[in-house]
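Following the hints, complete the assembly by docking chains P, U and B onto the known chain S.
There are 4 protein chains.
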Amino acid sequence: MIIQLSKSISGDQRKHLCDVLTQNKYNLTDVKTQAENYLVCIGKKEIDIRTIGNMAGVKDVHIVSDDYKLVSRKWKVHNTTIDLGDGVSIGGNDISIMAGPCSVESDEQMQTIVEHLIKNKIRIMRGGVFKPRSSPYAFRGAGVEGLKMMYSLCAPHGIKIITEVMQVSQIEEMMPYVDIFQVGARNSQNFNLLDALGEVDKPVLIKRGISGTIEELLHSAEYVFSKGNEKLLLCERGIRTFETAYRNTFDINAIQVLKEKSHLPVIADPSHGVGIRNYVSKLALASIISGADGVIYEVHEKPEEALSDGQQTLNFLESEQLVDKINKLLLSDICS
Amino acid sequence: MIIQLSKSISGDQRKHLCDVLTQNKYNLTDVKTQAENYLVCIGKKEIDIRTIGNMAGVKDVHIVSDDYKLVSRKWKVHNTTIDLGDGVSIGGNDISIMAGPCSVESDEQMQTIVEHLIKNKIRIMRGGVFKPRSSPYAFRGAGVEGLKMMYSLCAPHGIKIITEVMQVSQIEEMMPYVDIFQVGARNSQNFNLLDALGEVDKPVLIKRGISGTIEELLHSAEYVFSKGNEKLLLCERGIRTFETAYRNTFDINAIQVLKEKSHLPVIADPSHGVGIRNYVSKLALASIISGADGVIYEVHEKPEEALSDGQQTLNFLESEQLVDKINKLLLSDICS
Amino acid sequence: MIIQLSKSISGDQRKHLCDVLTQNKYNLTDVKTQAENYLVCIGKKEIDIRTIGNMAGVKDVHIVSDDYKLVSRKWKVHNTTIDLGDGVSIGGNDISIMAGPCSVESDEQMQTIVEHLIKNKIRIMRGGVFKPRSSPYAFRGAGVEGLKMMYSLCAPHGIKIITEVMQVSQIEEMMPYVDIFQVGARNSQNFNLLDALGEVDKPVLIKRGISGTIEELLHSAEYVFSKGNEKLLLCERGIRTFETAYRNTFDINAIQVLKEKSHLPVIADPSHGVGIRNYVSKLALASIISGADGVIYEVHEKPEEALSDGQQTLNFLESEQLVDKINKLLLSDICS
Amino acid sequence: MIIQLSKSISGDQRKHLCDVLTQNKYNLTDVKTQAENYLVCIGKKEIDIRTIGNMAGVKDVHIVSDDYKLVSRKWKVHNTTIDLGDGVSIGGNDISIMAGPCSVESDEQMQTIVEHLIKNKIRIMRGGVFKPRSSPYAFRGAGVEGLKMMYSLCAPHGIKIITEVMQVSQIEEMMPYVDIFQVGARNSQNFNLLDALGEVDKPVLIKRGISGTIEELLHSAEYVFSKGNEKLLLCERGIRTFETAYRNTFDINAIQVLKEKSHLPVIADPSHGVGIRNYVSKLALASIISGADGVIYEVHEKPEEALSDGQQTLNFLESEQLVDKINKLLLSDICS
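Residue numbers (this note's numbering), protein chains in the order written: chain S, 2 to 337; chain P, 2 to 337; chain U, 2 to 337; chain B, 2 to 337.
Bound-form chain S, shown alone (with noise of 0.2 angstroms):
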């Protein structure tokens, strides 16, 4: 059961609140984000609702019968949107287009990809400055110093930016040019990760992990909308099957399942999907097409140039083409 709670909700008012619930043997999480306060009570036995809704002090309450509740589409119908500022915003009837490298390199190549960007009006550069590898010897990123490069490169022209963060303590020394942090595949179950972007005012994307299901996907949601943070977006990242003709299996199924589960946007990302540079574009179409309310790609003057993902990067053209199709899908009725 999750309880609005007025925002001139008294102390006294509360109290009471609290007790009765307790005397129903509920377990009570307080949640206050950056919109509302809620109450989570997690029980086995629901009591009926009108007579929390009549107390002093309660704008709504509803019964959610998902094992997550805050994430779920059962008490909130209305799709969530983002708003990053400068007219950029996720979740509403556009579909937003984050593109960038895998890794940031370089000044230059940096620059290259902005440009690109503002030719194709794409508001949102990803590029990796944390780079999670499975052997210890693989390049690991450029770091912080990454990050304010890209930034100094993206603020002037207001293209906002997503990023990965790995551990806690990043997470403070990032907060100044990040736009949205990404959770990776990998720390799609750190809850401590989860936790501390619960207690910070800055969107979070999390990616569903290698072999996540779609249910902890949104209990990983859970964590961090749960802490104080309602700014959250899911991502499709392609999971782990026994077909070895792609790198992941990109399971747009997963795509309408969200969207009819939960009110949070829902990103989907061909790229690490499938790892395979000719089937991106056409999947972050039929992305689309399965009702993501945006694609997350990656992109680079010289693909095969690239430190790292080389193989599952499109060039410039490849994403000109791209934008261009998403563009007329969006002006055809098909997806409506």
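Keep in mind the hints are simulated off the structure, nothing from the lab. Only true hints are included.
Short derived list, chain S residues pointing at chain B, Cβ under 8 angstroms: (1) Asn28; (2) Thr30; (3) Val41; (4) Pro133; (5) Ser136; (6) Pro137; (7) Gln168; (8) Asn191; (9) Asn193; (10) Ile211; (11) Ser212; (12) His220; (13) Glu223; (14) Arg241.
Since the model is a prediction, treat every value here as computed from it, not as a measurement. C-beta atoms are modelled at their ideal positions from N, C-alpha and C, and glycine is treated no differently.
Quick look at chains P, U and B alone, frame taken from chain S:
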């Protein structure tokens, strides 16, 4: 290596050719299809194909590095099209729609569906009469009588029939009433059935196994082709993964890979692919945007009353809206 | 619900019983096996079994909550044993060892293996003569002639034969030479083959599908049993997962589950299960410690020269050491 | 390539060595562990190792073709043993048993378990105080206070402690009370945590990820080793597959592969591996027969009352019988 033989090759020319190949340690498989005569040559050493190409009676020679040969796009770059007669063909510029009930149930049920197909200009009807069921106690289909009834309703309207064949002994009795034999996921590696269908002059649609690799599906098609039947269609119908939110995980990635690796038409089956009605239509559109040559889906006047698979079956309105969107997608140039 | 009928049940008694059941909305399946007559009753409502139990001609009645019925341990708590004659039986206190080549190749090859079996007191030989192969161009087995040769070498020594049957039409010609029909992983849900084997009075070993669930394997066994053959063995032979370090992932967990859910003997096939020779022997022992009633493995005098599956085949020394350890394990009380 | 450096290598010798390697395009990683100094050299071209081997300050040189280096058995053929003090060591001829509750709950609970361990001569206790839970509303462990309590009960009896660390910031406070840090399946690729544990002089057990490959597990161990900590244990704890009959699919195959590929001790966790109490003991024995150096399992006086994981936890009698059988297995020569 694939050698296309001239139809006028003489016995002596043929013998000479085979001698040369055998001396070079090739194992030879003679393939005579509806369209061509081939010699499939499997060996470790590849000889200079110009030597072969210049021999009398040889039309063309191709090295094919894939393990499958005749179904590979490495020797036949153009898309295969399959003509069903009455102006119905698969694999060209159009999108083939195959729709119908999971199971043929009654004359009345079939009549309403035929009307739905006519109204929506759907030219191919699907409908099972031999049903593979996990439990021996479940409904196992109406049998050949059901097929005859289906045929008597469809044929007058030029509606073609696709239906599943489960074993070799059924082929002959089904022959007069079937336009496309369907090999189900559970029989995807039933090699005796594939062999037998190779000797038939009717198109065959092969579904990917429940956890069949793309490579295995292509090998299964090679079975049929190498026995003499090159009227083949490949079908993606969902794979088994760890995810339990849907019956199967529709693997949209497979469509692009199959189109790249093979010249055969690719059909998407989103009904079985995901197993949940609400998600079927968008997956059908996503498949077409990914390059599928057609879709096959389940439709029923009252899905909730269907004897099998009701939970993944569209009703008439949903089917009509899907056809409408497919047409819009074709008219746009997004798929080009 | 399973009703065991008395063999002396009269036509009238039977009719009366069926009438009562039909009035209670049960679907009835008549099952007459080598041992017993059963009536399998599928219905939503369970009536008081005492009413049925007291009716004339009824020997026993059992409620079985599983979807599979006759193979369930819920009605038959004792282990099923299968007698092959000549003092060879499966499913009792002993461990059955089935060993032999992947494929029957030559008289000489088979002769050496027969000697190896005799020397090590192995009473059942495996050996494929119909080989399911992914590619139509691969070696597909020596056929019935190979089987006859195998039989002529084994029978004089009382060595029993297990070999794979791939299609219905092979059953009759194989009958005289086979002691156990094996249904391969790819045919695990070839329901027509299972139906046909249900009408045969020879033991049938059913392998789990490459990605078959335990539930599906039990249903496949139910197919055979419900057609009249209760001489059944279940076989775990590795499943398909994301891991690529081995050919398949031998699922040792399945052994305990199958033993718990069903009264049928369970055989482990570590050769196909993991597909790598070095790992086979320890997996065989681990299977026995897990409760398997027997193991089936591949052995060849010179595995590196075998026509198929050499990489997972034990040589004679390895096989001998394995038999020795199995015997030690049996003498200890660790498995008890 | 791995170069073992002499401890007395001079600055000049070292510089000269590095110069030669850098000129040959190697990337060098300096590794100083508790035991040795290494130089891990990653490069495309392998130079003649004798040249390097003869240089001053070099103790030994090894080519390692695996992507992981220091954890590979290709350079270190002998099993690594880990000494915990008080006569407790892991990885030798003995089998290490680690048992205890899923979660540390209360002083009373822990007291009974300590007595059980003492009685059965189990020298290592497991017990979680930081619990990774899918839902943020679930019980998340007793924290450091729980650990201190556990320590106060175990230390007087020379019982060693293994417990999970979830994030870098916990390491320091846990240090005094922990004998083995456990990295859980969800953190198997939490590279920052692995890096940090590389700088600690305490053994670390790394669990395989829920769908982690064996290769990935070895890479994760390489992370820790390459930062300076070579006291490492690898743990198989079940993988995620399509099968739903158990919580996870315990992958017994991994044990033999890990033992072959790496010199590190391998521990089996059948409790999490299969997730069902009845199957745990036999899987533990099967793991030992497969070559595992030890087992870790959950035990509780009253599993049905445990705050977490009760359904996979042994009671005292089951645990006692398991220890007894492990001892019998060790006394036999079946595992040799």
